[in-house]
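Using the sequences plus the hints, can you model the full thing?
Going down the list, the sequences are from chains A and B. Heads up, the first sequence is in our numbering, so the first residue is 1 and it goes up one at a time. Heads up, the second sequence is in our numbering, so the first residue is 1001 and it goes up one at a time.
Hint data in this document are derived by calculation from the structure and do not stem from the laboratory. Please note: incorrect hints may appear among the correct ones.
For lysine to any residue, the following SDA-like pairs were computed, each having C-alpha atoms within a straight-line distance of at most 25 Å [claimed, not checked]:
hint, chain 1, residue 1, chain 2, residue 2
1, A, Lys45, B, Gln1037
2, A, Lys97, B, Ala1087
3, B, Lys1041, A, Ser49
4, B, Lys1041, A, Val50
5, A, Lys42, B, Pro1066
6, A, Lys2, B, Lys1040
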Amino acid sequence: RKEVEQDPGPFNVPEGATVAFNCTYSNSASQSFFWYRQDCRKEPKLLMSVYSSGNEDGRFTAQLNRASQYISLLIRDSKLSDSATYLCVAYAGNNRKLIWGLGTSLAVNP
Amino acid sequence: ETGVTQTPRHLVMGMTNKKSLKCEQHLGHNAMYWYKQSAKKPLELMFVYNFKEQTENNSVPSRFSPECPNSSHLFLHLHTLQPEDSALYLCASSPDSSGANVLTFGAGSRLTVL
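This is how it looks when you write it as structure tokens:
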């Protein structure tokens, strides 16, 4: 089992749609989580940090479910510019490592 | 610009060449990283430097040789690479290397080994 697992997609959604991605993690000691977005042929950029049950920033909401060991990212009112790959990252204090998922590809269509 | 600058952006080299990748950060961070990103694989951590001291070498082959002369500059020296080393090499920095820090990435150096 991968340490951080994401559905690679692609998710194809129309503009204005609501879309959600899940990310599961295997290390129960994981304590901090991050969502990065990576545009095609560009570097990853931080979208959101999640340290407790969740976080919200405008159209983006991240929710953490420690019991089931997953973190979700919800995007409301999708824009064309949201098209990117979304990378889930988990940090566990017991091994002090950032573990990256493969990413979920999102395409928002006009 | 993110505050982390990588050069060159693209590099093509033969297996017998020697080349170097350069990274510079203007964020006042104390930790710098080299990551490798290949298709169909998650980001792979290669090296970590904290206050210019190497704190992590993630079992990277010796054909990759990092150098960190100060907290703002990081190099990756390449020699006798293999075609499977072709990838996007990303430099990143963070305030320190505690692990839970947010990383700021450079735009990457796309390497092709012929």
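Cross-check of the supplied hints:
1. Simply put, Lys45 of chain A and Gln1037 of chain B have alpha-carbon atoms about 14 Å apart, close enough for the 25 Å limit, and the pair holds.
2. For a cut-off of 25 Å, the pair hint linking Lys97 of chain A to Ala1087 of chain B stands: about 22 Å separates their Cα positions.
3. With a C-alpha separation of about 22 Å, the suggested pair Lys1041 of chain B and Ser49 of chain A falls inside the 25 Å cut-off, and the hint holds.
4. Distance restraint check for Lys1041 of chain B and Val50 of chain A: the Cα-Cα separation of roughly 23 Å lies within the 25 Å cut-off, and the hinted pair is therefore satisfied.
5. Proximity of Lys42 of chain A to Pro1066 of chain B is assessed by CA-CA distance (about 23 Å); at most 25 Å being required, the pair is judged to hold.
6. Note on Lys2 of chain A and Lys1040 of chain B: the hinted pairing holds, with a Cα-Cα distance of about 13 Å set against a maximum of 25 Å.
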